[in-house]
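In case you want the letters, here they are:
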Amino acid sequence: MVKYCSLFYSFLKIGGFTFGGGYAMVPLMEREFVSQRGWLTTDEFLDAISLAQSMPGVFAVNVATQVGYRLRGVSGSIVAVVGNILLPILFILALAMFFRTFRDNHYVNAIFLGLRPAVVALIAAPVFTLARRLHLTWRTVWIPALAAALIWLLGVSPILVILLAAVTGYAWGKFHSPSDQSDSSDSSDKSDKSDLK
Amino acid sequence: MLYLKLFLTFLKIGIFTFGGGYAMISLIENEVVEKQHWLTPEQFTDILAVSQTTPGPIGINTATYVGYTATLDAGYGTGGAVAGALLASFAVVLLPFVLMLVLMRFLSAHRDNPTVKVVFRTLRIVVLGLIAAAALSLLTVESFGVPGWNRRFVVSCAIFAMVFILSILPNRKRDFHFSTFHFQLNLRPHPIALLIVAALLGLLLYA
Chain R
1 MVKYCSLFYS
11 FLKIGGFTFG
21 GGYAMVPLME
31 REFVSQRGWL
41 TTDEFLDAIS
51 LAQSMPGVFA
61 VNVATQVGYR
71 LRGVSGSIVA
81 VVGNILLPIL
91 FILALAMFFR
101 TFRDNHYVNA
111 IFLGLRPAVV
121 ALIAAPVFTL
131 ARRLHLTWRT
141 VWIPALAAAL
151 IWLLGVSPIL
161 VILLAAVTGY
171 AWGKFHSPSD
181 QSDSSDSSDK
191 SDKSDLK
Chain X
1 MLYLKLFLTF
11 LKIGIFTFGG
21 GYAMISLIEN
31 EVVEKQHWLT
41 PEQFTDILAV
51 SQTTPGPIGI
61 NTATYVGYTA
71 TLDAGYGTGG
81 AVAGALLASF
91 AVVLLPFVLM
101 LVLMRFLSAH
111 RDNPTVKVVF
121 RTLRIVVLGL
131 IAAAALSLLT
141 VESFGVPGWN
151 RRFVVSCAIF
161 AMVFILSILP
171 NRKRDFHFST
181 FHFQLNLRPH
191 PIALLIVAAL
201 LGLLLYA
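From first to last, the protein sequence lines stand for chains R and X. Under the working numbering, the first residue of the first sequence is numbered 1, with each subsequent residue one higher. Under the working numbering, the first residue of the second sequence is numbered 1, with each subsequent residue one higher.
Watch out, some of these pointers could steer you wrong.
[To be verified] Below, a sample of chain R positions facing chain X; criterion: calculated Cβ distance under 8 Å: (1) Pro27; (2) Leu46; (3) Val61; (4) Val81; (5) Tyr107; (6) Ala118; (7) Leu122.
[What the hints assert, rightly or not] To list a few chain X residues with every Cβ distance to chain R over 12 Å, as calculated: (8) Ile13; (9) Trp149; (10) His177.
Simulated from the structure, these hints should not be mistaken for lab results. A quick note: this is a predicted structure, and the numbers were derived from the prediction, not measured. For glycine and all other residues, C-beta sits at the position ideal for the given N, C-alpha and C.
Can you build the whole structure from these sequences, using the hints too?
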């Protein structure tokens with residue numbers, strides 16, 4: 001049986017030393033859980049990743065919940081989640097305190113003038129890389145475009161857009177030939193097929 | 001009551017976020033900047049920069065920072081602000097955590113259900129729109145300066161173009177050979193490397 005402290009330590013390490021958001025944690029988690037500690041098989045790990053992606057919430061926390069639960073049940077998942085978010089929270093808290101006293105500093109201000117356009121670019125870039133990975137076609141590209149327009153131009157709440165998408169997707173799957181997308185674990189095969197037709 | 005509002009807002013943000021931290025940004029921006037006015041658009045972009053250069057999930061980072069800043073600005077003092085930060089971080093993970101535990105039992109049996117698959121596929125595509133909206137809503141005077149032939153705007157556009165182009169390069173390792181040296185380099189630089197370059201450019205050009 002996996003000890004709580006080794007579970008905690010593993011997630012503390014992963015949470016505290018991965019920069020650049022949840023997805024940057026994936027290779028680290030794989031090395032830690034699959035190759036080094038042997039807590040999960042590669043298939044189990046990939047299942048955990050895809051489930052974490054399809055569930056709401058913070059991606060890394062979703063993975064932690066699953067791994068902790070698999071190893072030690074509910075208490076294990078709590079240990080894993082707390083371990084995963086503890087260092088980032090402490091780090092940001094320290095930074096928030098420090099940052100406020102230096103915000104009006106001339107040099108800090110100059111740094112942020114340079115950082116702001118870079119941050120916007122870093123957020124815009126995944127739209128294109130993810131579109132490539134999801135195999136968006138001209139038949140489906142209007143969906144994210146419409147969602148963006150609703151939120152950005154009309155000020156519709158993103159929550160409403162997500163709910164609308166879930167309901168539409170549900171209705172589509174229910175009434176529109178469900179045999180079309182019955183195979184394989186990869187969710188992108190639907191658009192691949194419509195390309196071939 | 002600010003604490004209750006913080007708690008409920010981040011509860012909402014947590015449960016309605018699909019597809020990772022970047023999709024969360026448009027939601028957080030909508031709630032925190034436009035609805036509650038806890039932060040200015042300028043402060044919000046700065047938080048994004050800060051949380052992209054610090055470890056951990058971006059959703060947790062922003063929750064912690066917003067919780068701290070909002071309560072401090074409302075005059076609660078440092079202790080109260082730390083409590084606000086912890087509360088917001090707790091709220092953002094609470095519902096997804098519970099839902100995950102409940103669904104781990106059920107969904108593993110239904111994951112190959114075609115209807116479930118179509119719903120998730122639709123959500124994943126719509127999430128692209130959410131991320132695009134987040135990027136578009138950040139195209140502001142605060143981030144880029146006043147449009148025109150002034151130094152701030154031109155420099156901002158140049159930094160944007162550089163970071164954007166480098167970030168959409170294929171995420172693949174390439175081999176390089178220099179006479180006897182042989183090394184591997186990722187075509188797409190790490191986001192932190194890009195942010196450090198942008199920070200240095202800012203320091204160089206504006207300070």
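Run the structure past the numbered hints and jot down the numbers of the failing ones, going up.
As far as the earlier hints go, 1, 2 and 8 are violated by this structure, in ascending order.
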